[in-house]
Amino acid sequence: MWKNFKWKLLTVLLLVLPPVSAGQSDLKQFFDRELTSRVETFTLDNGLQFLLLRQPEIPVFSAVVLVKAGGVDEPRGKSGIAHMFEHMAFKGTTSVGTVDFELEKPALERIERLGYDLTRLRKDHPENTEQIANLSAELKTAQQTHDTLIRNNEFSQIYDRSGARFMNAMTGPDQTMYIVKLPKNRLELWARMETDRLMNPVFRQFYQEREVIMEERRMGVDNSPSGQLWEEFQAAAYTAHPYGDPVIGWMSDIQGLTIEDARAFHATYYVPSNIAVAVVGDIELQELKQVALRYFGIIPAAPEPRRNIPDEPEQVTERRVKLVRDAKPALMMGWHAPKYPSDGACALEVAARVLAQGRTSRLYKRLVMDEKLASGVSVGNFNLARYPALFTVQVDPVRGEDWQRIRDAVLEEIARLSSDPPSDRELLKMKKSIVAEFLRSIERSMFLAIQLAYYEKIMGNWQIMGRYLSDIEAVTAQQVADAAATYLKPGHCTTGVLVGGEEKNR
Amino acid sequence: MKTSIPILLIAVSGLCMAQTLPAPDQIACEPIEFNPLHPAHITFSNGLDMWMLEDKSLPLLSVVVNVGVGHEMDPEERFGLAEMTAQMIVQGGSKSKSPNTVDDLVDTHAIRLSAGCDARGTQIRLWCMSQDTETALPLLAELLRTPGFDSSRKEFVRESIAAQIRQLRDYPFFEAFQTLTSLLYGNNHPVARLPSETELGQVTRDDMVTFHHIYYQPDITRIGIVGDFDRADMRRRIETLFGSWKGSAGELMQPRPAGPDYRPNHVYIVDKPGTQAALAIGHLGLPPKNPHHYNLELFSRIFGSSGFSSRLMQKVRTEHGYAYTVFGGFKDELPVGKFEIGCQTQIATAADAVRVVLDILSDMRTRPATEPELDQAKTAIENSFIFNFERPAFIIERLFHHLDMGFKADYLDTYLERIRNVTPESILRTASAAIDPDKLVVVAVGPQEALTAEFAELGWPVVTVKDVISTPVQ
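Chains as they are written, first to last, in our numbering: chain A, 1 to 506; chain B, 1001 to 1474.
No false leads were mixed into what you were given.
In silico SDA-like pairs for lysine to any residue, Cα to Cα no more than 20 Å straight-line:
#	chain 1	residue 1	chain 2	residue 2
1	A	K184	B	P1022
2	B	K1097	A	T360
3	A	K184	B	F1387
4	A	K28	B	P1059
5	A	K184	A	R294
6	A	K184	B	I1386
7	A	K322	B	P1273
8	A	K489	A	Q315
9	B	K1439	B	T1366
10	A	K184	B	A1023
11	B	K1095	B	S1244
12	A	K372	A	Q404
13	A	K28	A	D471
14	B	K1315	A	L139
Calculated Cβ distances over 10 Å to all of chain A for the following chain B residues:
#	residue
15	D1233
16	T1240
17	G1259
18	N1265
19	Q1448
20	A1450
A partial selection of chain B residues facing chain A, derived with a Cβ cut-off under 8 Å:
#	residue
21	P1024
22	I1027
23	C1029
24	E1030
25	L1058
26	H1109
27	F1156
28	Q1167
29	R1169
30	Q1276
31	R1317
32	Y1324
33	Q1344
34	Q1346
35	N1383
36	I1386
Derived from the structure by calculation, the hints contain no laboratory data.
Each residue gets a CB set at the ideal place from its N, CA and C atoms; glycine is no exception.
Bound-form chain A, shown alone (with noise of 0.2 Å):
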């Protein structure tokens, strides 16, 4: 009868407790299958690294050239330096996008001396209206004869007419990167277009392109309701660092970069020592090592950049930012947060995931779907960056005066993290959805290639990443509680939020 009864309770255990499947053995397995056993790494003489993960199935390549250098290394008053060079990387090099670089040469200079005397005059004497309006239109003329001493945009046609797929580029904070897709045959041409825009590239059309970016901003922040909170977020967050301070630029710093910064910049961080490709697809190593020496190689060797970031000091009081607009409201809260491997930032992930992932975490639950207050939230994480960052809650409130309830609520479940840790069956579903997303991630060869030279490069070791889903997997419920309450305090939060014009008077 007992043995019955223990029969039928487990029964009952199963059925209301779907069984979870995957442990920690299987993140581990497939991490090995899949990548340790067949990624392959080489570093040239001058410091540039590679990685390489042969996926024969299809004979094409993804690859990604990263450099480590983003928006936290430009100097103070450059902001947007990062993001410039890298919309410049697709204006040609020495041998690219000219009809005849030396007939170019002079009218290049020209140029560069006209626009950095108009910057620094519209900066240091806008009252002077005659003066810029002559010397715009001497730049104008000046680029009216560059224009006809150029081929437009070849450097992307040549890309384009190999069949290239996803060329792209993306500044970020920590990072800069060069995407592209190609069918397997290009590899060499790939080395040597990338070679060469690493190498030579040359500052055409900067101040065209200026313009460009200018547009860009307007488009992604200044025109946008939830990109504006995002930047006023951000540099209510931070007062020291730099990750306080937009990557496409305050538009006062974009209006006063010139192409001298630009080359600057891109002489200080773009040296092989600075940067990592990484290949997915049907490439064969040999083939790799030889195009990789015979172009990446000719790069001359440099010293790493010296940096000298300054840290965020501790934040000790609440900060609030608050934007009125007629727009979808909106809610973020933020903390700083440890960066892996230190204490607590894996527990974190772990709290992120507990809050947030799918329709049945905890303040899905009760914000979504139990008391209706909000759409949707997210929590972000970015415990995988080059210097400590933030934890963030982002709600989509329903009604924008809610949001003072919402972040109430948000705050009470953080707290309950440490009142009543996770239990052992949100742990499970955790772990499993660690192990499905490892694998969504890497099925895809331009995301998987990123990754690996993310790694490599900003955290120092392609492997990092098992080991960081290896460490998450340990995690325990206590470590979670203790993580809340160590590092998301209600007193060192900063709170942004976005509220329509019924607001504008509370």
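With chain A fixed as given, assemble chain B onto it according to the hints.
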């Protein structure tokens, strides 16, 4: 494995190469050969179409169910019904499982389940680890065939759709294109309209039950499966789960034709504070399957759909610095498609940007594209053709797109040959026939007063219209 390249080789190589990178077109490039995967196709006796591709490279399973009904079938007094029905299918539980039970299964097994509609189709997607196939596939079949439409979830689903629509108001570009669509199709056409929150609220459980009963039929449903499975076994599973699904044999409603409702060669302004104008320019296009199809594809590439190789990008962005984003061309869309151009620029350059666009169009309608332009476009298409087969999931997605647009499953077999046959003259003939400058209209979203002044110089009359996206929460 870590290896290091000897320094001597680098130095020698460096000396040889420093000044002499080969010209890009001098780099040898062996032709590549590949055998594209072909999905297996089965049509069951109830009309359900199944396409599947095994891919054992990772232990994953991905399923897309495509039901041939979209918001074009929304009844006039029930805008949003198709979307509400689709969302409630995946979020409203089944006849035997409560929504909470489904949520728990989904989260516990790390399943991804989502739904969405376009004009003529509903897609329900499922993704999971293949070890969970036993749980995930029956769940999908149960939700699709016997959805619960649990009323307790209706408000939640309504709010999540309404929130997505509200958010769109923060994107002037989206607003410009939505306004353009409403002018081209007529404001009350279901393709052109987003449901208001009130309308969404009026959708009842009975409406969804009826809509599902009438339109979710096996003979207008396609199921695509990719991943780690055995083909024969998967066929058996699908037959078991869906083979007994019988259609209700109801009469399907006929889609409504577009009824353009605008004054051509006018600028329609939607007032919105800001420092930019979001511009959408265009007129109605052609149904996807039309005699100009391949010419239109090359026309679009040369005109504005190929990034930095296109004339729009060359002129508007690179030469003038007017915009970060600019694109344009013919869009394959049901029921008739559109010819449209998009650009976001500061107010002071808005009229000039439109003028540059119109000049490019005029040139393309009167002079043939140059040989180098056409060669660039054809070569790009040819060399990137392989990416149509890059991943099994893409193969199925692309196939479904072609079938939706009225093409046959072998569309790609003859595609390159047809592209090769396009000439500058045939593009010119198509451009003259398919683009009518007298029907073009401009929508500009931005500050009304400043834009009215800016567009005075274009010479097109200016009309101010209301925001077409639903109003904020009531």
